[in-house]
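Undergrad: Sequence:
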Amino acid sequence: MSFLNSLSSSDDEEEENEHIIIKIVMLGQCGTGKTSIVIRFVQNEFKENTKPTVGANFFLRSMNFEDQNFCLRLWDTSGQEKFDSLTPLYYRNANIAILVYDVKSISSLEKVKYWVKEIKNNVKVMPLLLIVGNKMDEYIEEYDYETVERAKVIAQKMGIGVAQASAKTGEGINEIFENITQKLIIERPSQVYNEFEQDNSSNFSTDQVSLQTNNNGDQNKKEKLQCCW
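According to the UniProt record's numbering, the sequence shown is numbered sequentially starting from 1.
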């Protein structure tokens with residue numbers, strides 16, 4: 001089942017509701033909490049038992065940055081290996097790829113490396129990448145420190161971002177999407193604005209998030225999340 005924010009507007013509002021589309025794809029091993037992360041971000045909810053994604057689910061969330069409306073189109077892909085051959089259909093032409101691992105599972109981190117390699121081999125333009133360690137609410141330093149630190153090393157070697165979060169508590173979830181979306185808009189404007197498209201069928205009445213341009217605030221967010229590029 002796909003979770004969509006309700007969409008409605010009149011024709012008179014069409015011009016005011018133009019959105020620039022940003023495509024985000026969620027990748028990672030089955031059970032890492034990709035769906036939970038997206039549901040927390042879009043609906044601010046957490047479901048204890050979510051069924052494994054079949055193929056992919058589609059979500060929407062709108063954002064505003066510097067008086068411009070953006071629509072985040074989030075593709076939550078299946079982590080089951082039998083669907084791996086279909087996943088390139090979703091990450092091709094993506095602006096952002098969020099690679100999720102479970103902080104309590106070293107094998108899920110190995111799957112992140114696999115997806116980075118697959119993306120590099122199958123796209124013409126690399127999306128902005130971010131590694132996210134989920135389930136920090138279950139983190140026990142004695143047992144899970146090595147996995148989190150290894151994720152940081154992998155990210156540093158690959159030159160991509162890394163962060164930790166908890167879909168269950170909501171800690172770090174909004175910041176992850178806000179920070180990476182703002183980074184895309186500021187550092188890769190041609191990828192965003194040159195591919196501007198108006199979807200007349202999607203005049204969004206969704207909840208909005210305002211991205212802040214205060215550098216100090218952004219830095220504080222990154223430090224809290226242990227997020228870096």
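Heads up, a few of these hints could be off.
[Claimed, not checked] Pairs of lysine-lysine residues, derived as DSS-like cross-links and limited to a Cα-Cα distance of at most 30 angstroms, are as follows:
#1 168 - 51
#2 157 - 124
#3 152 - 120
#4 168 - 124
#5 157 - 113
#6 157 - 183
#7 168 - 183
#8 157 - 47
#9 183 - 152
#10 47 - 124
#11 104 - 157
#12 51 - 113
#13 124 - 104
#14 51 - 157
#15 152 - 117
#16 47 - 168
#17 23 - 183
#18 124 - 152
#19 113 - 47
#20 104 - 168
#21 168 - 23
#22 23 - 124
#23 120 - 23
#24 183 - 113
#25 23 - 104
#26 47 - 120
#27 183 - 120
[What the hints assert, rightly or not] What follows is a set of in silico ranges between Cβ atoms, one per label pair, in the way DEER data are often shown:
#28 138 - 114: 17 to 25 angstroms
#29 171 - 31: 14 to 22 angstroms
#30 30 - 169: 20 to 28 angstroms
#31 48 - 68: 18 to 26 angstroms
#32 138 - 190: 36 to 44 angstroms
#33 190 - 120: 32 to 40 angstroms
#34 121 - 67: 33 to 41 angstroms
#35 139 - 69: 34 to 42 angstroms
#36 58 - 171: 32 to 40 angstroms
#37 114 - 64: 18 to 26 angstroms
Just so you know, these hints were derived from the structure itself, not from any lab. All values derive from a computational prediction rather than experimental measurement. Glycine included, each C-beta is placed from N, C-alpha and C at the ideal position.
Undergrad: Next step is simple, just say for each hint if it's right about the structure.
TA: Consistency of the hints with the structure:
1. 168 - 51: 16 angstroms, holds
2. 157 - 124: Given pair residue 157, residue 124 holds - Cα atoms ~21 angstroms apart, limit 30 angstroms.
3. 152 - 120: Holds. Residue 152 to residue 120 sits at ~20 angstroms (cutoff 30 angstroms).
4. 168 - 124: 35 angstroms, violated
5. 157 - 113: Since the Cα atoms of residue 157 and residue 113 sit roughly 11 angstroms apart, the hinted pair holds (cutoff 30 angstroms).
6. 157 - 183: Holds. Residue 157 to residue 183 sits at ~19 angstroms (cutoff 30 angstroms).
7. 168 - 183: 25 angstroms, holds
8. 157 - 47: 35 angstroms, violated
9. 183 - 152: This hinted pair holds, its Cα atoms lying about 19 angstroms apart.
10. 47 - 124: 36 angstroms, violated
11. 104 - 157: Within the cut-off at roughly 22 angstroms; holds.
12. 51 - 113: 25 angstroms, holds
13. 124 - 104: Cα-Cα ~33 angstroms, so violated.
14. 51 - 157: Given that 30 angstroms is the threshold and the Cα spacing comes to 34 angstroms, the pair is violated.
15. 152 - 117: 17 angstroms, holds
16. 47 - 168: Holds, at roughly 8 angstroms.
17. 23 - 183: Distance ~14 angstroms between residue 23 and residue 183 Cα, so the pair holds.
18. 124 - 152: Holds, at roughly 26 angstroms.
19. 113 - 47: Between residue 113 and residue 47 the Cα gap is close to 28 angstroms, so the pair holds against 30 angstroms.
20. 104 - 168: Cα-Cα ~15 angstroms, so holds.
21. 168 - 23: 24 angstroms, holds
22. 23 - 124: 15 angstroms, holds
23. 120 - 23: OK: residue 120 and residue 23 at ~17 angstroms, within 30 angstroms.
24. 183 - 113: With Cα atoms ~22 angstroms apart, residue 183 and residue 113 stay inside 30 angstroms; holds.
25. 23 - 104: Holds. Residue 23 to residue 104 sits at ~28 angstroms (cutoff 30 angstroms).
26. 47 - 120: 33 angstroms, violated
27. 183 - 120: 20 angstroms, holds
28. 138 - 114: 17 to 25 angstroms: Roughly 23 angstroms apart at Cβ, these two residues keep to the hinted range, so it holds.
29. 171 - 31: 14 to 22 angstroms: For residue 171 and residue 31 the Cβ distance comes to about 20 angstroms; the hint holds.
30. 30 - 169: 20 to 28 angstroms: 22 angstroms, holds
31. 48 - 68: 18 to 26 angstroms: 37 angstroms, violated
32. 138 - 190: 36 to 44 angstroms: 40 angstroms, holds
33. 190 - 120: 32 to 40 angstroms: The hint (32 to 40 angstroms, Cβ to Cβ) is violated, given that residue 190 and residue 120 are roughly 20 angstroms apart.
34. 121 - 67: 33 to 41 angstroms: With a Cβ separation near 39 angstroms, residue 121 and residue 67 satisfy 33 to 41 angstroms, so the hint holds.
35. 139 - 69: 34 to 42 angstroms: Holds - the Cβ-Cβ distance for residue 139 and residue 69, about 36 angstroms, lies within 34 to 42 angstroms.
36. 58 - 171: 32 to 40 angstroms: 25 angstroms, violated
37. 114 - 64: 18 to 26 angstroms: Violated, at about 35 angstroms.
Consistency with the previously given hints fails for numbers 4, 8, 10, 13, 14, 26, 31, 33, 36 and 37, ordered from lowest to highest.
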